[in-house]
Amino acid sequence: MSMADQTASKPSFRLSMLIYDTRYRSMTIQVIALILFMLAVAWLLSNAASNLAALGKPLSFSFLSQPAGYDINQTLIEYNNQMSHGRAALVGILNTLLVAFLGCVLATILGVTIGVLRLSNNWIVSRLMTIYIETFRNVPVLLWILLTMAVLIESLPKIALFRGENPINTMSFGNSVAFTNAGTFIPKPIFLSGSTPVVVIFFLSLVGIWAFGRWAHKRQDETGVVLPTFSIKLAIFFLPSIAAFYILGQPITLEYPVMARFRFEGGFVIRNSLIALWLALSFYTAAFIAEAVRAGIQAVSHGQTEAAAALGIRPRRTMQLIVLPQALRVIIPPMISQYLNLTKNSSLAIAVGYMDITGTLGGITLNQTGREMESLVILMACYLSISITVSLFMNWYNESIKMKER
Amino acid sequence: MKKTIVLGTLAAVGLTAGMASAGTLDDVKAKGELACGVSTGLVGFAAPDANGEWAGFDVSVCRAVAAAVLGDPTAIKFVPLTGKTRFTALASGEVDVLARNTTWTFSRDVDLKFTFVGVNYYDGQGFMVPKALGVSSATELDGATICIQTGTTTELNLADYFRSNGMSYEPVPIETNAESQQNYLAGACDVYTTDASGLAATRATFENPDDHMLLPEIVSKEPLGPLVRHGDDQWGDIVRWTLNALITAEELGVTSANLAEKSAGTDNPEINRLLGSEGNLGEMLGLDAAWAARAIAAGGNYGEIFEANIGESTAIGLSRGLNAQWTQGGLIYSPPFR
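Just so you know, the sequences run in chain order F and B. Using the numbering used here, the first residue of the first sequence is number 64, and each one after it goes up by one. Using the numbering used here, the first residue of the second sequence is number 155, and each one after it goes up by one.
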C-alpha cells in the first residue's frame, strides 16, 4: 500500500481505524491500558479507604500535631517529648539525611580509592582490594550494621571505667575526647560575643579558595604556568581565620565534656548507633562504588595512558588528568544508584537503635498512634523525595561532565 | 515503579482488612488451627523450649483457647511478634488472638480498635541496674543512659516519670529483648527498663543474675492481657471466658489433677456449670458443653499455669503478689459462671 492512498483516505476517518490502522493502533492500545491502569488504581484506593473506614480508622493526619510523648537521643534540632509527632518525624528525616550524607561522602572517598587501587600493578594491593570488595559486597548490609555495632559496644572501653574519683580510663587527646561504648564524646565550640567576624572571615576565605582556584586554572590555560594550588589553598583556608581568631582575642572557646554521675555532660556526643550505621553503610556501598570505578577506568582506552606516557606524564598525573575525567562519564550513572541505595539502606537504622525517619515516624509514632497507613504513606513520600532530589542533582552533575560534542 | 509499590501496599492492606471482618470463630474452625501472636522470646511468658515447642504463661492462654475451640491445645500457629508489629498483625487478621504481654490502655482499646478480654497479669514498669552502679532507687537515676524496647508503653512511661521528677536521661531504643540484653550487659546503657515481670524473666537468663538488681520503684500500671479485634463480639467472648474459666477453676479448686473427677458432677453448681455437667453455657458461646474442661485440661488452672511458668519454683521466681486470687488478697477475679 502506498503512502498516497493513506493520506487520501485520511479525511474520512472511521472508528475502526483505531484498531486496524497501524498509525493509530499503538495509541489506542496505550490509551486503553492507561484507562485500565487508572481504574485499577482507583479501585485499590477506594477499597483501601472503605476497608479502613469499616475498621473504624478513616484516613486522618491529625495525629501529626499531637504530642509525641517519647524521647529521641540523637537530634539535630531541638526536641523534647512534649513536641508533636510531626516534629519527631522531622527529627527522623534530618537524622536520615545526616547519615545518608556522611555515608555518601565516606563511601565515595573509600570507593574511588579502592577502585583505583584494585587496578594497581602491585599484586598484594590489588588482591587485598579484591578481597575487600568481595567480602563486603556478598554479605547483607544488615549483618554488617549489626556486626559493627556489636564490635563498637563490646570493644570500646565501658563508660563505667570513666566514672568515679579515680577513673580507670581517662579521656584521649588532652582530656578532650572520650571513646566509650556508650558513644564518643567530643568538645563543642562555644561562640562568644565578637566571634561573628571570625566566622565571616572563615566563609570569605572559602570564597577566596574558590576564586583562587578559578584564577589559577585560567592562568594555567593561558600561560601554562602551574601553581602549587593545593598548598596555597590550604594556607587561605587556615591563615586568615586563625589570624582573626587571635587578633580578636580568641572569641571562640571549646566546651569540654566532663564526667557527671553517669555520663559525660557538655560537648557533643556521637552515639555508637550513628557511627556503626555510618561505617557499615559506607564500607558496604564503597565496595560497589569501587567496582563502578574500576569499570569506568577500564573503559578508558589504554591508548590514552600510553599517549600520556609518551608525552612524559607521570602515572599519578595521568590518572588524575587523563583517565579519571574520562572514566567519570562511565562511573557517574551507576554511582547515582549507589547513593540512592545507601540512602534507602539507611532505613535499617532501627536495628541499632538510630532514630531515623523509619524509627520515629515508621516506628514509635506508628505504634503509639496505630496510624499504619498514614505513617507508611508519609514515609514513602519522604524516601521518594529524598531519592528524587539526590537523583536530580546527580543527573545534573552527570550532564555537566558529559563529553561536550561541538 | 515507585507508584506500583505504593499501590501494592494499599492493595495488601485493603485486602487483608477485608478478609479480617468475617467471623473469627468460623475462620479458626475452617483453618483447623488458631493463629496466636506471641512475643519473640521472653522466657516464662512465651519462648520455644528445647524441643522447639512454644511454652510460657502467655502461650498457655492460647493453648486454652485452642483446646476450648478446636479440642486440641496444640492446634496453634504461633506468630512471634515484636512490640512494633503486633498491632498490625492483629488488625490485619494475621493472628486471631494476641497474647503478648500487652498493656491494656485507653488508646489501644478505643483508638486502635482492639478489645482487651481481661487481665492475666498485673504488672508495672520497673528498672534493672547492675549492682556495681551503686544505685538503690530510681530517683538517683538523673542523667543515666537507659535501654528501652521501642514500640511499647514503656518509653512513654519512662518519659513521663523522668519529666515529673525533673530528671534527665538518655534513651537507647532497642528493637528486641535480646539486643537490649546485649547492650545492657556490655554496659552501653546503665539501666534496663521494661515491665517488672519481663525484667525478672530477663535477669533469670543472665550468667550472673546476682550481679543485677531490680529497683524498688514501679513507675506505672501495666495490666497485661490477651486482646482481639473490635467488632467480633462472639470471638471476644470466647477468649474472655476461656481466661475467666482458668481463673474460676483456681478459685473453685478445679485442677488438672481432679478435673476428670469434678467433670462427672459435684455438689457445687458453679463447678458443674463451668465444666458443663449442668446448664448450657458452652452452647451460648457457640461451643460444646466441655469447652471449659478442655481449656483447663490444656495446662491446668490459672494458678497451676502461673506456678509452672513464672512462679517461685521457676528460674524467674515471681511471687503471686497482685496476681493472687481476690480471696487471697490479690486482684485476680473472674465474674461468676451463671
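No wet-lab data here; the hints were simulated from the structure. None of the values given here were measured: they were computed from a predicted structure. There's no promise every hint is true.
Said to hold, decoys possible - Covered by chain F, according to a simulated footprint, are these stretches of chain B (three or more residues, beta-carbon under 8 Å):
no. : stretch
1   : 326 to 332
2   : 474 to 487
To be verified - Listed below are the simulated DSS-like cross-link pairs for lysine-lysine, each with C-alpha atoms no more than 27 Å apart in a straight line:
no. : chain 1 : residue 1 : chain 2 : residue 2
3   : B       : Lys183    : B       : Lys267
4   : B       : Lys231    : B       : Lys285
5   : B       : Lys231    : B       : Lys183
6   : B       : Lys267    : F       : Lys120
7   : B       : Lys238    : F       : Lys120
8   : F       : Lys221    : B       : Lys231
9   : F       : Lys221    : F       : Lys251
10  : F       : Lys407    : B       : Lys238
11  : F       : Lys407    : F       : Lys281
12  : F       : Lys467    : F       : Lys281
13  : B       : Lys267    : B       : Lys375
14  : B       : Lys238    : B       : Lys267
All residues carry an ideal CB built from backbone N, CA and C; glycine is no exception.
Consistency of the hints with the structure:
Under the rule that three or more residues need a Cβ within less than 8 Å of chain F, the assignment of the stretch 326 to 332 of chain B holds, with 4 such residues. For the stretch 474 to 487 of chain B, the assignment as covered by chain F is violated, since 0 residues bring a beta-carbon within under 8 Å of that chain's beta-carbons and 3 are needed. In summary, the hint linking lysine 183 of chain B to lysine 267 of chain B is supported, as the alpha carbons are separated by about 24 Å, within the 27 Å threshold. The hinted pair formed by lysine 231 of chain B and lysine 285 of chain B fails the criterion: a straight-line CA distance of about 40 Å is larger than 27 Å.
Pair hint lysine 231 of chain B plus lysine 183 of chain B holds up; C-alpha atoms about 13 Å apart against a cutoff of 27 Å. Straight-line distance between C-alpha atoms of lysine 267 of chain B and lysine 120 of chain F comes to about 8 Å, which keeps the hinted pair within the 27 Å bound. The suggested pairing of lysine 238 of chain B with lysine 120 of chain F holds, with an alpha-carbon distance near 18 Å, which does not exceed 27 Å. The suggested pairing of lysine 221 of chain F with lysine 231 of chain B is violated, with an alpha-carbon distance near 42 Å, which exceeds 27 Å.
Among the hinted pairs, lysine 221 of chain F with lysine 251 of chain F is consistent with the structure: their alpha-carbon atoms are about 22 Å apart, no more than 27 Å. Using a Cα cut-off of 27 Å, the hinted pair lysine 407 of chain F and lysine 238 of chain B holds, with the two alpha carbons roughly 20 Å apart. For the suggested pair lysine 407 of chain F and lysine 281 of chain F, the alpha carbons sit about 41 Å apart, so the restraint of at most 27 Å is broken. Of the pairs offered as hints, the one joining lysine 467 of chain F and lysine 281 of chain F holds, with about 19 Å between alpha carbons and a cut-off of 27 Å not exceeded.
With a C-alpha separation of about 21 Å, the suggested pair lysine 267 of chain B and lysine 375 of chain B falls inside the 27 Å cut-off, and the hint holds. Between lysine 238 of chain B and lysine 267 of chain B the CA atoms are separated by roughly 16 Å; this keeps the pair inside 27 Å, and the hint holds.
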